[in-house]
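**Student:** Top to bottom, those sequences are chains A and B.
Sequential numbering of the first sequence, starting at 1, is according to the working numbering.
Sequential numbering of the second sequence, starting at 1, is according to the working numbering.
These aren't lab readings, by the way, just hints derived from the structure by calculation.
As the structure is a prediction and not an experimental result, all values here were calculated from the model.
Each hint should be verified, as a subset may be incorrect.
Derived SDA-like pairs (lysine to any residue); straight-line CA-CA distance at most 25 Å [said to hold, decoys possible]:
1) B:Lys133 x A:Tyr38
2) A:Lys140 x B:Asp95
3) A:Lys31 x B:Val87
4) A:Lys17 x B:Asp75
5) A:Lys140 x B:Ser189
6) A:Lys45 x B:Met157
7) B:Lys73 x A:Gly20
8) A:Lys224 x B:Ser189
9) A:Lys224 x B:Leu97
Chain B stretches covered by chain A per the calculated footprint, using a threshold of three residues with CB under 8 Å from any CB of chain A [to be verified]:
10) 101-109
11) 122-128
The following label-pair restraints were derived from C-beta to C-beta distances [as the list claims (entries may be wrong)]:
12) B:Asn35 x A:Glu5: 27 to 35 Å
13) A:Gln18 x B:Lys261: 44 to 52 Å
14) A:Leu242 x B:Glu143: 48 to 56 Å
Positions of the beta carbon are idealized from the N, C-alpha and C atoms, including for glycine.
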Amino acid sequence: MMLSEKSIGSLISSFFKQIGALTFFAGHFFKEAIQPPYEFNELLKQCYSVGNRSLPLVSLTGFIIGLVLTLQTRPTLQEFGAVSWMPSMVGISIVREIGPVIIALICAGRVASGIGAELGSMRVTEQIDAMEVSGTNPFKFLVVTRITATTLMVPLLVIYGDVLALYGSFLVEHFKGDVSARLFFNQVFNALNFSDLIPAVIKSVFFGFAIGLVGCFKGYYCEKGTVGVGLAANTAVVMSSLLIFILDFIAVIISDIFYDL
Amino acid sequence: MKSLENIQEQHKEEQLETNDAIIIVEDLEKSFASNHVLNGFNMKLFSGENLVIMGKSGSGKSVMIKCLIGLMKPDRGVINIMGKDIVHLDQSSLDELRADIGFLFQGSALYDSMTVRENLEFPLRRHRERFGKNIEVDHMVLEALESVGLAHTVDLMPGELSGGMQRRVALARTLIMKPKIIFYDEPTSGLDPITSKEIIVLMKKIQQQYKTSALIITHDVDCARVISDRMILLVDGVNYAEGTYQELIKVDDPKVKAFFK
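The task is simple: from the sequences and hints, build the whole structure.
**Tutor:** Right, dumping it as structure tokens:
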């Protein structure tokens, strides 16, 4: 009994230590990000890596989300004679919630683990130390560029994923309900307001920041050799996915307050 | 057989007579929690000298060299390199000083996402102005690679090179800055005997060609025999014995003898 109380205590203490260290890491990021010199070439390279290389996965996922959501919802709406509401419903749910969260989770799996493993392996093979010895600030070169790249690219990937999800939904409606593209997308855009788009984009920015931050944090402070690299990649995915849900919850509460106003 | 005390006394007198020490370390202490790694380590490196620090695994050799290059902060002690107090130096001055010090990492620490050329160009990013306005980077890269006999690998990735070749490219990366001192952290570890011999010969050649001083950390007796002008045996974080290879192998002390078995 005493042992389990102790282990719970140490778990809670380790959780808060992690949160503290992550907050400190984020503070360090902002400090280094505003100070010159700026690593533009490396930033572009990282944007390419995060954005372009995630495209196939985001494309497939986005398209399937739209297809599945429409296929699953159609029979229920048909029962109530509300099939005509399908484009509006799918549009709002994809743009406001499903698109940003699912695409961010996909990026957490691909990007956060990749960053965690890459920086972790650089740490254990002393490449980060070599960088420091050569007079380059490794935090600025490796961390600032990666976090900035995920913060910029995840919202773009979310928008791209949303478009493909809507296209997938349209294909189902077209083949099952003989709905034209013009009618479908007219209904989607009639149902959507800026108050749907802007909070979704803003929270995608935070999702991107969280993915980069956690991936870099876990990789940069990786220990225990190759085992540590695997652990860094693994915990980066778990922690960034958890952060995405927490941030989503906060975003929903805040946007609800604005809707009420 | 000479006693250990006689040799130590003789070397102290010689050092008092010589004033051209470029590295002075006094009473260096470093602990990790309750693990006292360095317990008052002292050493001097003289201009043009090859000083070998030998010790068993875990005796604090790597921690000591990382304190010297500023990758770790010692708990106590003085580290003076070319007249500058490393412990209290600000980041910018430390980076400037590091340009005069080459560091060959134990596992080579080549940046595996960059080509050999990019690896060698990397240290020049921060210190380009040292070589004047008309700096010819390509020429410098090829010159450094030629001095280790690997000019043909310039466009290869580190993963395409053997362990020995990686070590030589890492050596070329330290040479591109034309350092005054080179730190070697286990230069022959993980290499087969023939490749180890090649690296040792190369280290000798480089010292003659570039007129550098070298601090070599190793537990390879053959490496120490060939390369050292003077040796320090590190036991439990303190210098246990000091002298030339020929002097130390004749010492009748069980701990010293254990090194040369």
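**Student:** Each of the hints needs a verdict: does it hold here or not?
**Tutor:** Going down the list of hints, with the structure as the test:
1. B:Lys133 x A:Tyr38: Holds, at roughly 21 Å.
2. A:Lys140 x B:Asp95: 15 Å, holds
3. A:Lys31 x B:Val87: 23 Å, holds
4. A:Lys17 x B:Asp75: 24 Å, holds
5. A:Lys140 x B:Ser189: 31 Å, violated
6. A:Lys45 x B:Met157: Between lysine 45 (chain A) and methionine 157 (chain B) the Cα gap is close to 17 Å, so the pair holds against 25 Å.
7. B:Lys73 x A:Gly20: 23 Å, holds
8. A:Lys224 x B:Ser189: 20 Å, holds
9. A:Lys224 x B:Leu97: This hinted pair is violated, its Cα atoms lying about 31 Å apart.
10. 101-109: holds (count 6)
11. 122-128: Holds: 5 residues of the region 122-128 of chain B have a Cβ under 8 Å from chain A.
12. B:Asn35 x A:Glu5: 27 to 35 Å: 29 Å, holds
13. A:Gln18 x B:Lys261: 44 to 52 Å: 47 Å, holds
14. A:Leu242 x B:Glu143: 48 to 56 Å: 52 Å, holds
Violated hints, in rising order: 5, 9; the structure is consistent with all others.
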